[in-house]
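Peer 1: Construct the entire structure; sequences and hints are all you get.
First to last, the sequence lines map onto chains A and B. Using this note's numbering, the final residue of the first sequence is 111, and nothing's skipped along the way. Using this note's numbering, the final residue of the second sequence is 117, and nothing's skipped along the way.
Honestly, the hints are just simulated from the structure, not real lab data. Using N, Cα and C, we set each Cβ at its ideal position, and we do this for glycine too. Treat the hints with care, as some may be off.
[As the list claims (entries may be wrong)] Where chain A lies over chain B, by a calculated footprint (3+ residues, C-beta under 8 Å):
#1 9 to 17
#2 77 to 85
[Stated by the list, open to error] For lysine-lysine, the following DSS-like pairs were computed, each having C-alpha atoms within a straight-line distance of at most 27 Å:
#3 A:K92 <-> B:K62
#4 A:K45 <-> B:K11
#5 A:K92 <-> A:K2
#6 B:K44 <-> B:K11
#7 B:K83 <-> A:K2
#8 B:K44 <-> B:K71
#9 A:K45 <-> B:K15
#10 B:K103 <-> B:K44
#11 A:K42 <-> A:K2
#12 B:K11 <-> A:K93
#13 B:K83 <-> B:K11
#14 A:K92 <-> B:K83
#15 B:K103 <-> B:K78
#16 A:K2 <-> A:K45
#17 A:K2 <-> B:K44
#18 B:K62 <-> A:K2
#19 A:K92 <-> A:K42
#20 A:K2 <-> B:K11
[Stated by the list, open to error] With the Cβ distance kept under 8 Å, some of the chain A side facing chain B (calculated, not the full set):
#21 F11
#22 C40
#23 E43
#24 P44
#25 L46
#26 S49
#27 S83
#28 L87
#29 N91
#30 Q97
#31 N98
#32 G102
#33 P103
#34 G104
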Amino acid sequence: RKEVEQDPGPFNVPEGATVAFNCTYSNSASQSFFWYRQDCRKEPKLLMSVYSSGNEDGRFTAQLNRASQYISLLIRDSKLSDSATYLCVVNKKLYGQNFVFGPGTRLSVLP
Amino acid sequence: EAGVAQSPRYKIIEKRQSVAFWCNPISGHATLYWYQQILGQGPKLLIQFQNNGVVDDSQLPKDRFSAERLKGVDSTLKIQPAKLEDSAVYLCASSFSLPTSGKNIQYFGAGTRLSVL
Chain A
1 RKEVEQDPGP FNVPEGATVA FNCTYSNSAS QSFFWYRQDC RKEPKLLMSV
51 YSSGNEDGRF TAQLNRASQY ISLLIRDSKL SDSATYLCVV NKKLYGQNFV
101 FGPGTRLSVL P
Chain B
1 EAGVAQSPRY KIIEKRQSVA FWCNPISGHA TLYWYQQILG QGPKLLIQFQ
51 NNGVVDDSQL PKDRFSAERL KGVDSTLKIQ PAKLEDSAVY LCASSFSLPT
101 SGKNIQYFGA GTRLSVL
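Peer 2: Shown next as structure tokens:
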């Protein structure tokens, strides 16, 4: 089993739709979690950290379920500019860094 | 604030040739990472430095790949000799710990796109 798994998609949704991505991780000792966004032929950029209580940033909501070892990202009111690959990232260490990336989920928002 | 700088942006070489990539992290970031990203996959960690010491190089193909960060600032990654399967984007990232939570945030450079023919 891979350490971080994501549905590669693509998810094709119309503008204005709500879309959700899930990510599962295998190491129960993992400590911190992130969603990164990667545009085509560009570097990954931090979208948001994921906190245990869940967190929201505008149209984006991230949730963490430690018991089931999954992380979710919800995008409301999708925009054309949301089209990108969304990478789930897990830091396995409590002190220090050991980041593992998922394969990414590709989203296309259609007009 | 200046971001993570990488060069070159593109490189085309023939198999069995050697190649080197350079990275200058964000000022003050003690941790530096080199990732390999093959088309359609997520980035895979090759090597991680804390200042000038290696923290993790477990996924670095040491028979052909080497990396150094001699003064704890910029870093080079070398491949010698290159194979066809080394065609990928090589991303450098640096990170710092958030003072409030201790959580680490990574910032990536634009990457070097390597094509091995």
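Peer 1: All hints are to be evaluated individually against the structure, with a verdict given for each.
Peer 2: We went through each hint and held it up to the structure:
no., hint, verdict
1, 9 to 17, "violated (count 0)"
2, 77 to 85, "violated (count 0)"
3, A:K92 <-> B:K62, "holds, 24 Å"
4, A:K45 <-> B:K11, "holds, 23 Å"
5, A:K92 <-> A:K2, "holds, 14 Å"
6, B:K44 <-> B:K11, "holds, 20 Å"
7, B:K83 <-> A:K2, "holds, 25 Å"
8, B:K44 <-> B:K71, "holds, 25 Å"
9, A:K45 <-> B:K15, "violated, 31 Å"
10, B:K103 <-> B:K44, "holds, 20 Å"
11, A:K42 <-> A:K2, "holds, 25 Å"
12, B:K11 <-> A:K93, "violated, 34 Å"
13, B:K83 <-> B:K11, "holds, 14 Å"
14, A:K92 <-> B:K83, "violated, 31 Å"
15, B:K103 <-> B:K78, "violated, 30 Å"
16, A:K2 <-> A:K45, "holds, 23 Å"
17, A:K2 <-> B:K44, "holds, 12 Å"
18, B:K62 <-> A:K2, "holds, 23 Å"
19, A:K92 <-> A:K42, "holds, 25 Å"
20, A:K2 <-> B:K11, "violated, 31 Å"
21, F11, "violated, 15 Å"
22, C40, "violated, 11 Å"
23, E43, "holds, 4 Å"
24, P44, "holds, 5 Å"
25, L46, "holds, 6 Å"
26, S49, "holds, 6 Å"
27, S83, "violated, 16 Å"
28, L87, "holds, 6 Å"
29, N91, "holds, 7 Å"
30, Q97, "holds, 5 Å"
31, N98, "holds, 7 Å"
32, G102, "holds, 5 Å"
33, P103, "holds, 5 Å"
34, G104, "holds, 5 Å"
Going down the numbered hints, you'll see the structure goes against 1, 2, 9, 12, 14, 15, 20, 21, 22, 27, while the others check out.
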